[in-house]
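**Q** Sequence:
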Amino acid sequence: MNRKALAAAFPVTLPVLMGYLSIGIAFGLMLERAGFNFIWAFFMSLTIYAGSGQYLAVELLSTAAGLGTVAVMTLLINFRHLVYGLSMLEKFRGMGWRKFYMIFSLTDETYALLAGAAVPVGVSPRDFYFAVAILDHLYWIAGSVIGGVAGGLLSLDITGIDFAMTALFVVIAVDQWKAAREHLPALLGAGCTLLFLILVGEEQMLLPALGAIVAALLLLRPRLEKEQETAGKEADA
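Going by our numbering, the sequence shown opens with residue 1, and the numbers climb by one from there.
What the hints contain is simulated information worked out from the structure, not anything from laboratory work. A hint or two may mislead.
Quick list of simulated restraints, FRET-style, between CB atoms [said to hold, decoys possible]:
(1) K91 to E227: 17 to 23 angstroms
(2) L89 to L219: 17 to 23 angstroms
(3) L194 to R223: 20 to 26 angstroms
(4) L153 to A179: 40 to 46 angstroms
(5) N37 to A190: 38 to 44 angstroms
(6) L75 to R223: 30 to 36 angstroms
(7) L156 to L219: 45 to 51 angstroms
(8) E225 to E202: 30 to 36 angstroms
(9) R223 to L154: 53 to 59 angstroms
(10) N37 to K178: 39 to 45 angstroms
(11) A186 to L156: 35 to 41 angstroms
(12) L194 to G35: 38 to 44 angstroms
(13) K91 to P222: 17 to 23 angstroms
(14) I198 to E225: 26 to 32 angstroms
Using N, Cα and C, we set each Cβ at its ideal position, and we do this for glycine too.
Please put together the full structure from these sequences, using the hints given.
**A** As C-alpha cells, this is what we get:
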C-alpha cells in the first residue's frame, strides 16, 4: 500500500469514518441482538460490505428467512451499484488486480468520494482511489466489530442511530456542491428523484429515478464535458 496515497486519502475519508463507525456500530448491535456475535459482524462486513443489505440481512435472518431470499433482496436493494460501476470504468482502467476490489468496494459513500474528490498533486490517481476504498472498508469493519462487542457486553438503546447514514450523505453532498463549478448534475439528480417520489412513491422510485438521471446525463454529456474542459483551461491559465 502506497503510504503517500493513504496519507492523502485519509482526510478525504473522514466524513465516511464518522458515518461508518456510527452505522457500523448500530449494525453490530443489531446483529448481536439477533443472536449473531461480533465474529459474524466481522465476516459479514468483510465479505458482503453493503450497509443497507446487511441491515436487511439482520431482519431477514432474525425471522429465519432463507439465504436465497436474503440474496435476492440484497441484489434488488443494491442494484443501483450497476450504474455506479458503469460510470467508473474510465477511472478503474489500468488498475490490474485492484480493479476487482474496487468493483466490490464501490459503496454509495466510496462512489461519492471517488466521483467528487480531487486527486492531490504528486499522488497516483489509481493509488489514491485504492486507498480511499481500502480505508472506507476498514472503517465499516471496525464499526461493525465494535458494535458486536459492545452489544455482547452492554445493554444499549440505539434508537435513531441509523440517521447517521442520512447525515453522512448530506455532508458528502454539501462538500461536492462547494467543490463543483457545475451544479446541473446535482440539480438533475434531485429533480428526478423528487419527480418519481411524487409519481410512484418511495417504494418504487429508485430504479425509474436512476434511469431518468442516467438518460439526462447522457444527453447532456457533450455540454458538461465542454464546460469541464473550459473550466480546466481557465484554472491552468
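**Q** Each hint: holds or not?
**A** Tested hints:
1. K91 to E227: 17 to 23 angstroms: 20 angstroms Cβ-Cβ, so the 17 to 23 angstroms window holds.
2. L89 to L219: 17 to 23 angstroms: At 19 angstroms between Cβs, range holds.
3. L194 to R223: 20 to 26 angstroms: Holds, since L194 and R223 (Cβ atoms, about 22 angstroms apart) stay within the stated range.
4. L153 to A179: 40 to 46 angstroms: Because 41 angstroms falls inside the window, the suggested range holds.
5. N37 to A190: 38 to 44 angstroms: holds (41 angstroms)
6. L75 to R223: 30 to 36 angstroms: holds (34 angstroms)
7. L156 to L219: 45 to 51 angstroms: Because 49 angstroms falls inside the window, the suggested range holds.
8. E225 to E202: 30 to 36 angstroms: holds (33 angstroms)
9. R223 to L154: 53 to 59 angstroms: Since the Cβ atoms of R223 and L154 sit about 55 angstroms apart, the hinted range of 53 to 59 angstroms holds.
10. N37 to K178: 39 to 45 angstroms: holds (42 angstroms)
11. A186 to L156: 35 to 41 angstroms: holds (37 angstroms)
12. L194 to G35: 38 to 44 angstroms: Taking Cβ atoms as reference, L194 and G35 lie about 40 angstroms apart, which means the hint holds.
13. K91 to P222: 17 to 23 angstroms: holds (20 angstroms)
14. I198 to E225: 26 to 32 angstroms: holds (31 angstroms)
Checked against the numbered hints given earlier, this structure breaks none of them.
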